[in-house]
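A.B. asks: Chains A and B, in that order, are what the protein sequence lines are.
Here the first sequence is numbered in the UniProt record's numbering, starting from 1 and rising by one per residue.
Here the second sequence is numbered in the UniProt record's numbering, starting from 1 and rising by one per residue.
Calculated from the structure, these hints are not laboratory results.
Please read all numbers here as calculations on a predicted model, not as lab measurements.
Using N, Cα and C, we set each Cβ at its ideal position, and we do this for glycine too.
Where hints are given, some of them may not hold.
[What the hints assert, rightly or not] So these bits of chain B aren't anywhere near chain A, every CB distance computed over 10 Å:
| id | residue |
| --- | --- |
| 1 | N108 |
| 2 | R117 |
| 3 | T119 |
| 4 | Y176 |
[Stated by the list, open to error] Below 25 Å or equal to it, Euclidean Cα-Cα: the simulated DSS-like pairs (lysine-lysine) are:
| id | chain 1 | residue 1 | chain 2 | residue 2 |
| --- | --- | --- | --- | --- |
| 5 | A | K69 | B | K259 |
| 6 | A | K83 | B | K259 |
| 7 | B | K291 | A | K69 |
| 8 | A | K94 | B | K291 |
| 9 | A | K56 | A | K97 |
| 10 | A | K69 | B | K295 |
| 11 | A | K69 | B | K230 |
| 12 | A | K94 | B | K295 |
| 13 | A | K69 | B | K208 |
| 14 | A | K94 | B | K230 |
| 15 | B | K166 | B | K211 |
| 16 | B | K291 | A | K61 |
| 17 | B | K261 | A | K83 |
| 18 | A | K97 | A | K61 |
| 19 | B | K259 | B | K208 |
| 20 | A | K56 | B | K230 |
| 21 | A | K56 | A | K69 |
[Unchecked claim] Partial list, derived from the structure: chain B residues whose beta carbon lies under 10 Å from chain A:
| id | residue |
| --- | --- |
| 22 | F227 |
| 23 | P267 |
| 24 | F269 |
| 25 | V279 |
| 26 | D287 |
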Amino acid sequence: MASRAANVVLSRANRMRQTLQSALEASVLEIEDVSYQHAGHAGVKGDANETHFNVKIVSSKFEGQNLVKRHRVVYDLLADELKSGLHALSIVAKTPKEIGS
Amino acid sequence: MAASAQISRLHPIISPPLASRKPLISFSRFSPSFRCLSSPLSLSRPKTLTKPSYRNRVRASIRKLSESESIPIAKVPEDLDASIPAAAGVYGVFDANGELQFVGISRNIASSVDKHRKTVPADLCFSVKVGPADTATATATATADRTVLQSAWKSWVEEHISATGKPPSGNLQGNYTWTGAPPDLRLTPGRHVSLTVPLEDLIDRLVKEHKVVAFIKGSRRAPQCGFSQKVVGLLESHGVDFVCVDVLDEEHNFGLREKLKSYSNWPTFPQVFAGGELVGGCDIISDLAEKGELKAILQK
Numbered sequence: 001m002a003s004r005a006a007n008v009v010l011s012r013a014n015r016m017r018q019t020l021q022s023a024l025e026a027s028v029l030e031i032e033d034v035s036y037q038h039a040g041h042a043g044v045k046g047d048a049n050e051t052h053f054n055v056k057i058v059s060s061k062f063e064g065q066n067l068v069k070r071h072r073v074v075y076d077l078l079a080d081e082l083k084s085g086l087h088a089l090s091i092v093a094k095t096p097k098e099i100g101s
Numbered sequence: 001m002a003a004s005a006q007i008s009r010l011h012p013i014i015s016p017p018l019a020s021r022k023p024l025i026s027f028s029r030f031s032p033s034f035r036c037l038s039s040p041l042s043l044s045r046p047k048t049l050t051k052p053s054y055r056n057r058v059r060a061s062i063r064k065l066s067e068s069e070s071i072p073i074a075k076v077p078e079d080l081d082a083s084i085p086a087a088a089g090v091y092g093v094f095d096a097n098g099e100l101q102f103v104g105i106s107r108n109i110a111s112s113v114d115k116h117r118k119t120v121p122a123d124l125c126f127s128v129k130v131g132p133a134d135t136a137t138a139t140a141t142a143t144a145d146r147t148v149l150q151s152a153w154k155s156w157v158e159e160h161i162s163a164t165g166k167p168p169s170g171n172l173q174g175n176y177t178w179t180g181a182p183p184d185l186r187l188t189p190g191r192h193v194s195l196t197v198p199l200e201d202l203i204d205r206l207v208k209e210h211k212v213v214a215f216i217k218g219s220r221r222a223p224q225c226g227f228s229q230k231v232v233g234l235l236e237s238h239g240v241d242f243v244c245v246d247v248l249d250e251e252h253n254f255g256l257r258e259k260l261k262s263y264s265n266w267p268t269f270p271q272v273f274a275g276g277e278l279v280g281g282c283d284i285i286s287d288l289a290e291k292g293e294l295k296a297i298l299q300k
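Only chain A is shown next, with the shape it has when bound in the complex (with noise of 0.2 Å):
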């Protein structure tokens, strides 16, 4: 486990897949940066620098939820993500089954 001195240095898009990976047991995650494709839009205060996301999470923990369910579980899961500059994410939640694998 990462002393919390590391966390600190590690990127939030790591941060983000820690704290995924560990509650969801995703099969599949991908985290993508796309905050260069922002820069400059409104409310983007300063540089636009690791403020917006695409997930994208295969989990069979999202079974029997509704996407608003989904959405909600991986917004409190990057809460602090969510506080401290992170602006927006782009989310893909589904099951093993809807990928059909």
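Following the hints, put chain B in place on chain A, whose structure we already have.
C.D. replies: Here is chain B on its own, set in the frame of chain A:
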């Protein structure tokens, strides 16, 4: 479907001579209303108007849709004044194939038709039939009674439904071709007015008063974020009847951005509400659109 049932589901649209976009917190959208008029109808009725005989005289003088002659809509402004009366009444606009696209009522038919001519594609806005309200019998203080015009509108639409089985497409809910989209809603008149109720209550009222609300970054016409723009585009292309609220508007919606995140327990924008409940953000709306479920979820 019975004509009367079809009519009750329409969004009766009044073509205002001048579109003044006043900020409104809520407005009735289920009955014909003159909300956008520049010179509002006086609401106190002169005594003469309540006499049934007057109303019958005026109603009888608005001719039927099928009995009106078709007037082509000129491409050049100069020709317009001669043939189309600048009077109050009901009118129907036909496309190049002679099909009725839209029935509207107006205080000034010529001016409304001119506005359509400028904003609606020419092949949809080809000719017009007019039913001016006969005000020759009105007294000096009375103008065409609002209810008279509304019932004339209803009878023209019913006439069309009996003839074709459905209302004109331009009159359907969610079709903004003829009237333009509804103005963005504002929670408060401005920062200079202090709130008497908590912001959460205002939000709660707003999402319950309107069938579909989209909280977006930027305005409906000029969204300031790609996700908000995508949501607006999807809702409009699916013909959803919805209103927008600009969460970046610090003057009229101060504090909304943070408050809404806790109200909906959702940390990002845009947020789309239907029937008072959160449907989701851009991802969910896109997903529903792809599956073909969007309109069903939003307009049930």
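A.B. asks: All hints, please: hold or fail.
C.D. replies: The hints, checked one at a time:
1. With a least beta-carbon separation of about 39 Å from chain A, N108/B lies farther than 10 Å from that chain, consistent with its non-interface assignment.
2. The beta carbon of R117/B sits about 35 Å from the closest Cβ of chain A, which is more than 10 Å, so the claim that it is off the interface holds.
3. Look at T119/B: its CB is around 28 Å from the nearest CB on chain A, clear of 10 Å, so calling it non-interface holds up.
4. Annotated as non-interface, Y176/B keeps its C-beta farther than 10 Å from every C-beta of chain A; the closest such distance is 24 Å.
5. With a CA separation close to 20 Å, the supplied pair K69/A and K259/B stays within the 25 Å bound.
6. Annotation: proposed proximity of K83/A to K259/B holds, straight-line Cα distance about 14 Å (limit 25 Å).
7. Simply put, K291/B and K69/A have alpha-carbon atoms about 18 Å apart, close enough for the 25 Å limit, and the pair holds.
8. A threshold of 25 Å between alpha carbons decides the hint, and for K94/A with K291/B the separation of about 15 Å falls inside it, so the pair holds.
9. A distance of roughly 15 Å separates the Cα atoms of K56/A and K97/A; the hinted pair therefore holds under the 25 Å criterion.
10. Distance check on the hinted pair: K69/A and K295/B sit about 20 Å apart at the alpha-carbon level, within 25 Å; holds.
11. In summary, the hint linking K69/A to K230/B is supported, as the alpha carbons are separated by about 22 Å, within the 25 Å threshold.
12. With a C-alpha separation of about 23 Å, the suggested pairing of K94/A with K295/B holds against the 25 Å cut-off.
13. Proximity of K69/A to K208/B is assessed by CA-CA distance (about 21 Å); at most 25 Å being required, the pair is judged to hold.
14. Between K94/A and K230/B the alpha-carbon distance is near 22 Å, which keeps this suggested pair within the 25 Å criterion.
15. In summary, the hint linking K166/B to K211/B is supported, as the alpha carbons are separated by about 23 Å, within the 25 Å threshold.
16. Of the supplied pair hints, the one linking K291/B and K61/A holds, its CA atoms being roughly 22 Å apart against a limit of 25 Å.
17. The hinted pair formed by K261/B and K83/A meets the criterion: a straight-line CA distance of about 11 Å does not exceed 25 Å.
18. At most 25 Å may separate the alpha-carbon atoms for a hinted pair to count; K97/A and K61/A meet this at roughly 11 Å.
19. At most 25 Å may separate the alpha-carbon atoms for a hinted pair to count; K259/B and K208/B meet this at roughly 17 Å.
20. A C-alpha spacing of about 20 Å is found between K56/A and K230/B, which places the hinted pair at or below 25 Å, so the restraint holds.
21. In summary, the hint linking K56/A to K69/A is supported, as the alpha carbons are separated by about 15 Å, within the 25 Å threshold.
22. Below 10 Å, beta-carbon pairs count as interface contacts, and F227/B has one with chain A at about 7 Å; its hint therefore holds.
23. Of the supplied interface hints, the one on P267/B holds, with its beta-carbon coming within about 5 Å of a beta-carbon of chain A, less than 10 Å.
24. Taking 10 Å as the C-beta cut-off, the interface hint given for F269/B holds, the closest approach to chain A being about 8 Å.
25. With 10 Å as the threshold, the beta carbon of V279/B comes within range of chain A, its nearest partner Cβ sitting at about 7 Å, so the hint holds.
26. Here the hint on D287/B is kept, as its CB sits about 6 Å from the closest CB of chain A, short of 10 Å.
In terms of the numbered hints stated before, the structure departs from none.
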